[in-house]
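Undergrad: The primary structure of each chain is shown beneath.
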Amino acid sequence: DSGVTQTPKHLITATGQRVTLRCSPRSGDLSVYWYQQSLDQGLQFLIQYYNGEERAKGNILERFSAQQFPDLHSELNLSSLELGDSALYFCASSAASGRPGEAQYFGPGTRLTVL
Amino acid sequence: GENVEQHPSTLSVQEGDSAVIKCTYSDSASNYFPWYKQELGKGPQLIIDIRSNVGEKKDQRIAVTLNKTAKHFSLHITETQPEDSAVYFCAASKKGNNAGNMLTFGGGTRLMVKP
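Protein chains in written order, with the working numbering: chain R, 1 to 115; chain G, 1001 to 1115.
Hints were generated in silico from the structure; no laboratory data involved. It is possible that some hints are incorrect.
[Unchecked claim] Label-pair distances were calculated between CB atoms; the ranges are:
hint, chain 1, residue 1, chain 2, residue 2, range
1, R, A103, G, S1018, 22 to 28 Å
2, G, K1042, R, T13, 18 to 24 Å
3, G, A1070, R, G28, 33 to 39 Å
4, R, R18, G, N1003, 29 to 35 Å
5, R, N77, G, K1042, 23 to 29 Å
6, R, S80, G, L1040, 28 to 34 Å
7, G, K1114, R, S80, 44 to 50 Å
Glycine included, every Cβ here is placed at the ideal spot set by N, Cα and C.
Model the full structure from these sequences, guided by the hints.
TA: Below you can see the structure in the form of C-alpha cells.
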C-alpha cells in the first residue's frame, strides 16, 4: 500500500458525460501527478500539481482539467467523454519539491469505462 | 520529447533463473530512471531507481545499471520467484524548463516466472 488513495475504484458512464476522479496523496506529500494507462498508449503523464499550483503539463486533452485543493487532495475532471477515454487513471504523489528526480508513489487507480 | 523503449515485451523464466529487462532513452538530459512493478488490478509500485551520477544500484535480488553514454539502463532480477511475475515498467525524467517531474514510461515487460 503506497498511501495514495483514489476514488472511485470503477466508473462506468456514457459518451458525452462528465466525471470527476479524486486523489489523496500520501501524508505530507505536496506534489500530485495524474497518469492515464491504456492498452494502445501505455502509461502517459497528464499533469502535475505542486502545493496547489500547476507545475507541469503533458498530453492532457483540453476536455480534461485538474486542480489541487488547499488540503492537497486533487481532482481530475473529464468532460465530453468519448469511447477512447476508457482507461485506467492513476494518481501519484511525491514528497518535497516536486522537482525532477523525486520518487513518485502511485495509487491503485480508477478504471473508467465509457459506453 | 523523451522516448523510452523497453525490451522484451514478454519474458518467461524458470524459478531461480535471472531476468534482465532493458530500456533505452532518447534525451541525454534525462537524469532519473525508476523501475515500477505492476501486478494485476494494482497501481505501479516503485521497486528501485537510479540517478545519472550512479552507474549501478542494488537492493537484495534487484539491481539496476545505467550506461549514460549509450543511453540505456537495465533491470536485473536474480533468483526469480513466482511472486516476481508482473508487468515491469522503466521510466525516465529530466529537468525541464518548468522544473516539473514528469515520467516518460517504456511500454512494459510482462515477466512470467514458472515454478
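Undergrad: Now tell me, hint by hint, if it's right for this structure.
TA: Results of checking the hints against the structure:
1. At roughly 25 Å, the beta carbons of A103 of chain R and S1018 of chain G sit within the given window of 22 to 28 Å.
2. Between K1042 of chain G and T13 of chain R the Cβ separation comes to about 23 Å, which falls inside the hinted range of 18 to 24 Å.
3. Taking 33 to 39 Å as the suggested C-beta distance range, the pair A1070 of chain G and G28 of chain R conforms, at roughly 38 Å.
4. For R18 of chain R and N1003 of chain G, the Cβ-Cβ distance of about 33 Å falls inside the hinted range of 29 to 35 Å, so the restraint holds.
5. Hint check: N77 of chain R to K1042 of chain G, Cβ distance near 25 Å, so the stated range 23 to 29 Å holds.
6. Against the hinted window of 28 to 34 Å, the Cβ-Cβ separation of S80 of chain R and L1040 of chain G comes to about 31 Å, which satisfies the hint.
7. About 46 Å separates the C-beta atoms of K1114 of chain G and S80 of chain R, a value consistent with the hinted range of 44 to 50 Å.
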